[in-house]
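Residue numbers (the numbering used here), protein chains in the order written: chain A, 1 to 315; chain B, 316 to 613.
You may find that some hints are simply not true.
Claimed, not checked - Derived CB-CB ranges, DEER-like: (1) B:Arg470 <-> A:Asn173: 58 to 68 Å; (2) A:Leu9 <-> B:Lys441: 49 to 59 Å; (3) A:Asn262 <-> B:Arg470: 19 to 29 Å; (4) A:Pro264 <-> B:Leu532: 38 to 48 Å; (5) B:Gln378 <-> A:Glu45: 42 to 52 Å; (6) A:Thr126 <-> B:Arg342: 49 to 59 Å.
The hints are simulated quantities; they were obtained by calculation from the structure and are not laboratory data.
No residue lacks a Cβ here, since even glycine has one placed at the ideal position from N, Cα and C.
Letter by letter, the chains look like this.
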Amino acid sequence: MLRLAARRLLKVIPLLLLVSFISFGLLNLVPGDPAVQIAGEFATEEQIEDIRAGLGLDRPWPVRYASWLGDAVRGDFGVSLFSKVSVATQIWDRLPATLSLIGLSLAISALIGVPAGTFAGWREGTVLDRFLTMGTTVGVAVPVFVAAPVLILIFGIKLDWLPATGYVPITANPIDWARSLMLPAIALALTGAAEIARQTRAGVIDVKKQDFVRTAHANGLATWQVLGKHTLKNAMIPVITVIGLQIGRLFGLSVLIEQIFNIPGLGSRLIAAVFENDVPFIQGTVLILGTVIVLVNAAVDISYGYFNPRVRAAA
Amino acid sequence: MTIADHDMSSTAVESATTESRRARFLRRFRRQGWAIGALVFLVIVAISAIFAPWVAPHDPLSQSLTDSFAGPGSEYWLGADRLGRDTLSRLIFGARYSLLAAAQAVLVATVLGVPIGVIAGLARGKIDAVASLVADAVLSIPAIVLALAIIGVLRPNLTNAMIAIGIVYAPRLFRVVRSAAISVREETYIDAARASGVGMLTIARTHVIPNVLSPLLVQISLALGFAVLAEAGISFLGLGVQPPDASWGVILGQGTVKLEEQPLLILFPGAAILLTVLAFNVLGDGLNDSLGREIRRE
């Protein structure tokens, strides 16, 4: 188990270096002279020089990369171009909202996906199964920016059960926090729920055909006991798989969700940065999210070893 | 037997196998009811986009404030927006932007991903290791975040948005092409060709590329679905197509602002995006099932 973990973590290092190189390299995509481009049409000579110095463009790029990476490792991503506020401070301020959104939506995905997949798999081929399977096929394809306005309209405006937009920090009021995140988290959870349902269904169908389940049945165990004991125990694996497959997607989609629901998270700040051409903030966000995802993927792979001894043996 | 004779006979054999492959594909594809339905739907959307000025009942930009938020009816089949513009006509013209943009993005992804994939899969060794690592690194960054980052650096407009989506999707095409190239590389006839002194370029052209085409076709269908969705998302945020031009994403975004007044303004563009993305996915799956067992969706 430890060897598996160590080997997997070793692969992380070159990947993280490349992610940092991509984040750094974004600046070189700026067409023409980055300082002139970023300063905009009406900038004075002084402002252009200011930006040039701020981005360190007066030095050769390997030197810039080394010092940029050195600062980034110590948690310093520079300052936003115009507001001059530290990028790291902005990211840390905004990360809690994004993380609570993603965490809550993963929980909702599992709460919908695992029971739906279990029912569909246990009653394979019935009308209920076909209905659920079709639902997951469509569910995977519904774009969040379509699902979100529909949810706002139904539950936020017509029924007025939940706040349509806005965000309350958990420190201010935990109940209002949960209420303010409910609709965005559901909108974000749909794809994950469909994916978890699909994986769980396949897993249940697979386990159901095993001899030991028939034996359990023959020994007089009720269906729900067989389900609980033998099949749902394995339900964590599809959930973890989906976390591994979708963590990047969730961070990506949360950008759209935060913008639609007016949540002050990393994503809505990123959109503002894109409009403002705030290259240091964009670089910092790409680096942080890329790093988080590389690490989560490594953790998911290692946890397979924990949940599935066969993987451990193969390593 | 002269060399020329030999060449002719080998070409004949080759075309015979491709012919039977095509026949097998058509036979299998004909049984894929959903995939055929998806293809028919996409062809209808594409044709109405191309002939938009003749198909659309109204000028998509003509305003009529008396018809603000009109519901569906005989005049406006799908209703009208705040400025009284006909939703159906806007969607038909919007399809031009959405489909063309998706095609551009997939073209960028293909140009970047396919040659590198063929080279990495054939050459293996260090070239392959580096290219695969770069692909993994790009895939580690959330697609939307990386696309937004590239747009933010290049400045927001439709062309840059499509370049960004193409770059983001390229590693996915790279992976599929690379693994197809690797499996071809293991075939004995490649060894035979190399032993008889055929150059790598010729091998790539005559053996690898034809074998890569089928999985690539499946991936391109899926990629088009992804690109339609991504373009809609980016234009929805106001970072792609700029008004008064309108893709489906722009129309949806404008509808969202006026959600309370007329909910139908999000329903129809939303349905257009959803059905088109679904159609590309279903078509991709149908192609996959028809093109043989050895090709699997990633």
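These are the hints, each one checked on the structure:
Checked against the hint of 58 to 68 Å, the C-beta distance between Arg470 of chain B and Asn173 of chain A comes to roughly 41 Å, which is inconsistent with it. Under the hint 49 to 59 Å, the C-beta atoms of Leu9 of chain A and Lys441 of chain B, about 23 Å apart, miss the expected range. Between Asn262 of chain A and Arg470 of chain B the CB atoms are about 25 Å apart, so this pair conforms to the stated range of 19 to 29 Å. Roughly 44 Å separates the CB atoms of Pro264 of chain A and Leu532 of chain B, a value that falls within the hinted 38 to 48 Å.
A hinted range of 42 to 52 Å holds for the C-beta pair Gln378 of chain B and Glu45 of chain A, which are about 45 Å apart. The hint said 49 to 59 Å for the Cβ distance between Thr126 of chain A and Arg342 of chain B, and at roughly 32 Å that hint is violated.
Consistency with the previously given hints fails for numbers 1, 2, 6, ordered from lowest to highest.
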